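Note that the protein sequences, when read in sequence, are chains A and B. Just remember that my numbering sits 1465 ahead of the position in the first sequence, which is counted from 1. Just remember that my numbering sits 1465 ahead of the position in the second sequence, which is counted from 1.
Worth double-checking, as some hints may not be accurate.
Derived lysine to aspartate or glutamate pairs resembling DMTMM-like cross-links, with alpha carbons at most 25 Å apart [claimed, not checked]:
#, chain 1, residue 1, chain 2, residue 2
1, A, 1644, B, 1584
2, A, 1487, A, 1527
3, B, 1506, A, 1609
4, B, 1644, A, 1584
5, A, 1487, B, 1555
6, A, 1487, A, 1555
7, A, 1523, A, 1541
8, A, 1523, B, 1609
9, B, 1487, B, 1541
10, A, 1487, B, 1541
11, A, 1500, A, 1584
12, B, 1523, B, 1676
13, A, 1506, B, 1603
14, A, 1500, A, 1676
15, A, 1644, A, 1594
16, A, 1500, B, 1603
17, B, 1644, B, 1594
18, B, 1523, A, 1609
19, A, 1506, B, 1646
20, B, 1644, B, 1584
21, B, 1644, B, 1668
22, A, 1506, A, 1678
23, B, 1487, A, 1555
24, B, 1523, A, 1555
25, A, 1506, B, 1609
26, A, 1487, A, 1545
27, B, 1506, B, 1492
28, B, 1487, A, 1541
29, B, 1500, A, 1603
30, B, 1506, A, 1603
31, A, 1523, B, 1555
32, A, 1644, A, 1603
33, A, 1506, A, 1584
34, A, 1487, A, 1662
35, B, 1506, A, 1646
36, A, 1644, A, 1609
37, B, 1506, B, 1678
38, A, 1506, A, 1492
Just so you know, these hints were derived from the structure itself, not from any lab. The structure displayed is predicted, hence computed values, not measured ones.
2 protein chains.
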Amino acid sequence: MEYWGYFRSSSSYRLRIALGLKGLTADFHPVHLVKDGGQQKTDAYRAMNPQALVPVLKTGDDLLTQSPAILEWLEEVYPDPPLLPRGAVERAQVRAFCAAIACEIHPLQNLRVLSYLRETYGQDQAGVEAWCQRWIGEGLAACEALLAGRPATRFAFGDAPGMAEVYLVPQMFSAARFKVETGALPRLTAIAAACAELPAFADAHPARQPDAEG
Amino acid sequence: MEYWGYFRSSSSYRLRIALGLKGLTADFHPVHLVKDGGQQKTDAYRAMNPQALVPVLKTGDDLLTQSPAILEWLEEVYPDPPLLPRGAVERAQVRAFCAAIACEIHPLQNLRVLSYLRETYGQDQAGVEAWCQRWIGEGLAACEALLAGRPATRFAFGDAPGMAEVYLVPQMFSAARFKVETGALPRLTAIAAACAELPAFADAHPARQPDAEG
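The following block holds chain A by itself, in its conformation from the complex (with noise of 0.2 Å):
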């Protein structure tokens, strides 16, 4: 397999995650963001994804994209180790915690979304953290919640990492970048800290890519 990402793209980070929890490599092509005026604009690129977003997994032929998307085709196709629970219910909850990241947080601190709101709001480096706090704070602390009634185990949703940390990690990742204040989503930083211990998420830190700016 090969894909094509970002070092600091949450998306991208969500993949490569779930690559290193399965066990699995794919040859890492790097898209730069912002450099060239966004090498994921190319028309090279685009012919690849015509969203010009990343990441993108390239499998035999074929050409995967859509983080989610991705994620559920590699628990499809490679089910060992397991990143949802058997049972429907538990699967939908797991899912859920996942689309509270995915389409409530995520989404809005996107860098397109950031750049309209420096370019017709004319919002600085300072409002662009105030939009990005709103939005991570009030999500994160729903996913706090989402987690309050359940059995206090070492990760969202029982003893092993899954499908939820592969969301939650690069999520937190982005809260401390935009200087998101966490004090109060305890459970949270204790799961992220958790996998921050497990070689699969370390591997897979930002910082730890090729890529990689400081």
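Since the structure of chain A is provided, determine the placement of chain B on it from the hints.
Below, chain B without anything else, positioned relative to chain A:
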């Protein structure tokens, strides 16, 4: 089954279509997202869903949240008729199309985001519409491009409607609501028109719901 939703919410609309396609029914509890400062923000509603979002689906004693998770649950528990194809790559392609809507377009037109634009950036109705037009227009153009290389079937991924249409039709409804130019989206427009002829879609239309307003 029972569900809590709002006539104009895209994610409630998705759920209604999917239930209809599966031949299922669920008792409806309206949650007015604007009236009373937002009925989804009450303690009683938050006890069901800490995210304070619609829809919620109740099955037995379980409360399911987040439409992407609920839709996958429906597909797993009520597999006939299927809303996703059989092959893993084909499933990934359909899910990528759905995620292009659920993770790239829909979050940016959410009520709480539009309220922020008004309150914090002082945007008027025209400013809010310009924002929506940018993200819905760009996102739907990408969806049109995702289908460009595919056979000219009646629906997005074949001759029967499925998960792609469950996401697309509510998004096209929102596009009209925010006056998005759709002239350059002939394929999506034709698919939405084909859907409108089917009872599962016609019955799920916001205007046909008991809580509908003009």
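Against the structure, the hints:
1. The suggested pairing of residue 1644/A with residue 1584/B holds, with an alpha-carbon distance near 22 Å, which does not exceed 25 Å.
2. Taken as a hint, the residue 1487/A and residue 1527/A pair is honoured in the structure, with Cα atoms around 20 Å apart against an allowance of 25 Å.
3. Distance check on the hinted pair: residue 1506/B and residue 1609/A sit about 17 Å apart at the alpha-carbon level, within 25 Å; holds.
4. Distance restraint check for residue 1644/B and residue 1584/A: the Cα-Cα separation of roughly 22 Å lies within the 25 Å cut-off, and the hinted pair is therefore satisfied.
5. Between residue 1487/A and residue 1555/B the alpha-carbon distance is near 21 Å, which keeps this suggested pair within the 25 Å criterion.
6. A distance of roughly 20 Å separates the Cα atoms of residue 1487/A and residue 1555/A; the hinted pair therefore holds under the 25 Å criterion.
7. Pair hint residue 1523/A plus residue 1541/A holds up; C-alpha atoms about 16 Å apart against a cutoff of 25 Å.
8. Of the pairs offered as hints, the one joining residue 1523/A and residue 1609/B holds, with about 21 Å between alpha carbons and a cut-off of 25 Å not exceeded.
9. Note on residue 1487/B and residue 1541/B: the hinted pairing holds, with a Cα-Cα distance of about 12 Å set against a maximum of 25 Å.
10. Restraint check for residue 1487/A and residue 1541/B: satisfied, since their Cα atoms lie roughly 23 Å apart, inside the 25 Å limit.
11. Straight-line distance between C-alpha atoms of residue 1500/A and residue 1584/A comes to about 18 Å, which keeps the hinted pair within the 25 Å bound.
12. With a C-alpha separation of about 19 Å, the suggested pairing of residue 1523/B with residue 1676/B holds against the 25 Å cut-off.
13. The straight-line distance between the Cα atoms of residue 1506/A and residue 1603/B is roughly 13 Å, inside the 25 Å bound, and the hint therefore holds.
14. For the hint linking residue 1500/A to residue 1676/A, the alpha-carbon distance of about 12 Å falls within 25 Å, and the restraint holds.
15. A threshold of 25 Å between alpha carbons decides the hint, and for residue 1644/A with residue 1594/A the separation of about 7 Å falls inside it, so the pair holds.
16. As the CA atoms of residue 1500/A and residue 1603/B are separated by approximately 22 Å, the hinted pair is consistent with the 25 Å bound.
17. Pair hint residue 1644/B plus residue 1594/B holds up; C-alpha atoms about 7 Å apart against a cutoff of 25 Å.
18. At most 25 Å may separate the alpha-carbon atoms for a hinted pair to count; residue 1523/B and residue 1609/A meet this at roughly 21 Å.
19. Pair hint residue 1506/A plus residue 1646/B holds up; C-alpha atoms about 22 Å apart against a cutoff of 25 Å.
20. Simply put, residue 1644/B and residue 1584/B have alpha-carbon atoms about 22 Å apart, close enough for the 25 Å limit, and the pair holds.
21. Annotation: proposed proximity of residue 1644/B to residue 1668/B holds, straight-line Cα distance about 23 Å (limit 25 Å).
22. A distance of roughly 21 Å separates the Cα atoms of residue 1506/A and residue 1678/A; the hinted pair therefore holds under the 25 Å criterion.
23. Simply put, residue 1487/B and residue 1555/A have alpha-carbon atoms about 21 Å apart, close enough for the 25 Å limit, and the pair holds.
24. This hinted pair checks out: residue 1523/B and residue 1555/A have alpha carbons roughly 14 Å apart, not beyond 25 Å.
25. Of the pairs offered as hints, the one joining residue 1506/A and residue 1609/B holds, with about 17 Å between alpha carbons and a cut-off of 25 Å not exceeded.
26. Among the hinted pairs, residue 1487/A with residue 1545/A is consistent with the structure: their alpha-carbon atoms are about 7 Å apart, no more than 25 Å.
27. For the suggested pair residue 1506/B and residue 1492/B, the alpha carbons sit about 21 Å apart, so the restraint of at most 25 Å is met.
28. Between the alpha carbons of residue 1487/B and residue 1541/A the distance comes to roughly 23 Å, so the proposed pair stays at or under 25 Å and holds.
29. Proposed proximity of residue 1500/B and residue 1603/A is supported: the alpha carbons are some 21 Å apart, at most 25 Å.
30. Taking the CA atoms of residue 1506/B and residue 1603/A, the gap is about 13 Å. The hint holds against a cut of 25 Å.
31. Pair hint residue 1523/A plus residue 1555/B holds up; C-alpha atoms about 14 Å apart against a cutoff of 25 Å.
32. Under the criterion of a C-alpha separation no larger than 25 Å, the hint pairing residue 1644/A with residue 1603/A is consistent with the structure, at around 14 Å.
33. Annotation: proposed proximity of residue 1506/A to residue 1584/A holds, straight-line Cα distance about 19 Å (limit 25 Å).
34. About 17 Å separates the Cα atoms of residue 1487/A and residue 1662/A, which keeps this hinted pair within 25 Å; it holds.
35. Using a Cα cut-off of 25 Å, the hinted pair residue 1506/B and residue 1646/A holds, with the two alpha carbons roughly 22 Å apart.
36. Of the pairs offered as hints, the one joining residue 1644/A and residue 1609/A holds, with about 18 Å between alpha carbons and a cut-off of 25 Å not exceeded.
37. Between residue 1506/B and residue 1678/B the CA atoms are separated by roughly 21 Å; this keeps the pair inside 25 Å, and the hint holds.
38. Annotation: proposed proximity of residue 1506/A to residue 1492/A holds, straight-line Cα distance about 21 Å (limit 25 Å).
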